[in-house]
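Novice: Top line first, the protein sequences correspond to chains A and B.
Okay, so the first sequence: first residue is 156 according to the numbering used here, each after it adds one.
Okay, so the second sequence: first residue is 209 according to the numbering used here, each after it adds one.
Fair warning: there could be bad hints in the mix.
Within a straight-line C-alpha distance of at most 27 Å, the following computed DSS-like cross-link-like pairs (lysine-lysine) qualify [to be verified]:
{"id": "1", "chain 1": "B", "residue 1": "356", "chain 2": "A", "residue 2": "297"}
{"id": "2", "chain 1": "A", "residue 1": "321", "chain 2": "B", "residue 2": "397"}
{"id": "3", "chain 1": "B", "residue 1": "301", "chain 2": "B", "residue 2": "247"}
{"id": "4", "chain 1": "B", "residue 1": "302", "chain 2": "A", "residue 2": "184"}
{"id": "5", "chain 1": "A", "residue 1": "321", "chain 2": "A", "residue 2": "386"}
{"id": "6", "chain 1": "B", "residue 1": "359", "chain 2": "B", "residue 2": "343"}
{"id": "7", "chain 1": "A", "residue 1": "184", "chain 2": "B", "residue 2": "247"}
{"id": "8", "chain 1": "B", "residue 1": "356", "chain 2": "A", "residue 2": "321"}
{"id": "9", "chain 1": "B", "residue 1": "364", "chain 2": "A", "residue 2": "297"}
{"id": "10", "chain 1": "A", "residue 1": "297", "chain 2": "A", "residue 2": "379"}
{"id": "11", "chain 1": "B", "residue 1": "364", "chain 2": "B", "residue 2": "397"}
{"id": "12", "chain 1": "B", "residue 1": "356", "chain 2": "B", "residue 2": "343"}
{"id": "13", "chain 1": "B", "residue 1": "247", "chain 2": "B", "residue 2": "302"}
{"id": "14", "chain 1": "B", "residue 1": "359", "chain 2": "A", "residue 2": "297"}
{"id": "15", "chain 1": "A", "residue 1": "184", "chain 2": "B", "residue 2": "397"}
{"id": "16", "chain 1": "A", "residue 1": "379", "chain 2": "A", "residue 2": "321"}
Which bits of chain A does chain B cover? Going by a derived footprint, with three or more residues having C-beta under 8 Å, they are [unchecked claim]:
{"id": "17", "segment": "192–200"}
{"id": "18", "segment": "354–361"}
{"id": "19", "segment": "380–390"}
Over the 12 Å line for every Cβ pair with chain A, so calculated as not near, a few chain B residues [claimed, not checked]:
{"id": "20", "residue": "222"}
{"id": "21", "residue": "228"}
{"id": "22", "residue": "231"}
{"id": "23", "residue": "232"}
{"id": "24", "residue": "244"}
{"id": "25", "residue": "251"}
{"id": "26", "residue": "258"}
{"id": "27", "residue": "262"}
{"id": "28", "residue": "274"}
{"id": "29", "residue": "279"}
{"id": "30", "residue": "291"}
{"id": "31", "residue": "300"}
{"id": "32", "residue": "331"}
{"id": "33", "residue": "364"}
{"id": "34", "residue": "368"}
{"id": "35", "residue": "378"}
Think of the hints as simulated: they come from the structure by calculation, not from any bench.
For glycine and all other residues, C-beta sits at the position ideal for the given N, C-alpha and C.
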Amino acid sequence: MTSTPEIQDQIRRYLLGELDDGTRAEVEKRFLSDGEVFEELLVAEDEIIDDYASGRLDPEERADFEAHFLATPERQQKLRFARALHRHAMNLANERETVKQPVIRSLWFGRPGLSWAATTVAALALIVGTVWFLRSRTAPPKTFATLTLTINQSTRAEGAPAAMVKLPLAADALKIFLRLPGSVPPASRYRVVLEADDGETRPLEMSDQDGESIAVVIPATQLKRGQYVLKTFGTGVNGVEQRIPGNYFFTVE
Amino acid sequence: MNKEWALTQDAFDRLLDWLNADRNRAGIRYEEIRSRLIKVFIGRGCMAAEDLADETINRVAARIGDVARDYEGDPASYFYGVCQNVHFEYVRKKDVLDTRDFPGSNSVTLRTNLSDDCEPEYQCLERCLGHLSNKNRDLVLRYYQGEKQAKIDERKLQALELGIAVNALRIRAYRIRIQLERCVLDCLKRDGAK
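Model the full structure from these sequences, guided by the hints.
Specialist: This is the structure in structure tokens:
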């Protein structure tokens, strides 16, 4: 395989639409004439889809991916396949964790001569397990389903289009990227409030922030079916917080 | 160029002869070039990538007498030149109809949302995994498990166990994944036809 990190990087940037016309043409010519480089393209394509599906692209790459990469139905289909594969791999990992428990039981009851040692090990395991349990309750999510929303100046009653999220979520949490309107001056700090259709409101944890978008995270366990609106507030350099005009809508089904 | 020109058997045979004197190899090369042209058009965001690839091939075939006589070098480069022209014409036509860049359009978000629903793919994937050999199924499932550093470490270990380089494992996993993807697409078509 002639693939090098340089070629891999160039192909990744090609897929995200980040190359200038001249370099893009050179890369495309190589796809046609060099089988190994073409195969590298195919592999990179799947890898970038996997990165997107599991929330591993940074905001800029995400924007490029959505604007450029997802432009064709073929690639949208590939993304759905990647999500399915990701979900299957996660389910399998969970099943394997569950299957380990009977093995421990058979070790415990099958060797009475080792009961003292086993008791010690069990006590240690209990302590470790308790610590793990307590930590895991507050552990940050590891996998994310993602959603990108653009601000809308209308209200839901006026028929503003809402993005859709389907349950069950094949990830630990939903990460929502909120594109900031260009007309609003950048703030030094942002705050996001989630409002449900039953009137309940709560602040959301911010996970990322750059000049163009901010990201918030909602754990999968806290997602319930319903219609939601996100309201954003920005604090300027003068320390004054102001509501950013407009709403971000989404629906959980 | 006469765009109504249709590919004739004679032109197609001469095109294959130009690609390779051996007919089998020429056929393989033809398929390679076609699939790569499709990818190039997809990479440029073209909706009808297959049609555009076929149009490119037709145009080369229409001039095959001159091309085979005068052109020197890798035929793939010639196809690429014609592909550029086909794409240029496609963009010119599409600009009139393109609605993707309307100000305030929420289309990117909507496209992404379409992709969130993978339940039919998941059901088909479960069935398709059953069609793989145990060895391939284990390889691909293990390859795609884990997150971040754990995944990287696991892949290194997997490559070590198989006695191959990580990049070779990457290609092997990709080839199995492609089989799965094709199987899932067929399954979706079958289910859709029911």
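Novice: Taking the minimum C-beta separation from residue 244(B) to chain A, is that value above 12 Å?
Specialist: Label violated. Min Cβ-Cβ 5 Å, cutoff 12 Å.
Novice: Compare the distance between the alpha carbons of residue 364(B) and residue 297(A) with 27 Å, and conclude whether the hinted pair is satisfied.
Specialist: Satisfied, since the Cα-Cα distance of roughly 21 Å is no more than 27 Å.
Novice: Within a Cα-Cα threshold of 27 Å, do residue 247(B) and residue 302(B) meet the stated pairing?
Specialist: OK: residue 247(B) and residue 302(B) at ~19 Å, within 27 Å.
Novice: Minimum C-beta separation from residue 231(B) to chain A exceeding 12 Å: can you confirm that?
Specialist: Label holds. Min Cβ-Cβ 20 Å, cutoff 12 Å.
Novice: For the pair supplied as a hint, residue 356(B) and residue 297(A), is the alpha-carbon distance within the 27 Å limit?
Specialist: holds (9 Å)
Novice: Taking 27 Å as the top limit, are the C-alpha atoms of residue 301(B) and residue 247(B) close enough?
Specialist: Holds, at roughly 20 Å.
Novice: Residue 356(B) and residue 343(B): Cα distance at most 27 Å?
Specialist: Holds: residue 356(B) and residue 343(B) sit about 24 Å apart, inside 27 Å.
Novice: Please work out if residue 379(A) and residue 321(A) have their alpha carbons no farther apart than 27 Å.
Specialist: holds (10 Å)
Novice: Since residue 251(B) was said not to touch the interface, does its Cβ keep a gap of more than 12 Å from each Cβ of chain A?
Specialist: Given a closest Cβ separation of 7 Å, the condition is violated.
Novice: Holds or violated: are the alpha carbons of residue 321(A) and residue 386(A) at most 27 Å from each other?
Specialist: Distance of about 21 Å is within 27 Å: holds.
Novice: Please verify the coverage claim for the segment 192–200 of chain A: does it have three or more residues whose C-beta sits within 8 Å of some C-beta in chain B?
Specialist: Coverage by chain B holds for the segment 192–200 of chain A (5 residues, Cβ < 8 Å).
Novice: Confirm or reject the statement that residue 228(B) sits farther than 12 Å, beta carbon to beta carbon, from all of chain A.
Specialist: Residue 228(B) clear of chain A: closest Cβ-Cβ about 14 Å, beyond 12 Å.
Consistency note: the structure conflicts with the earlier hints numbered 11, 15, 18, 19, 24, 25, 26, 30, 32 and 35.
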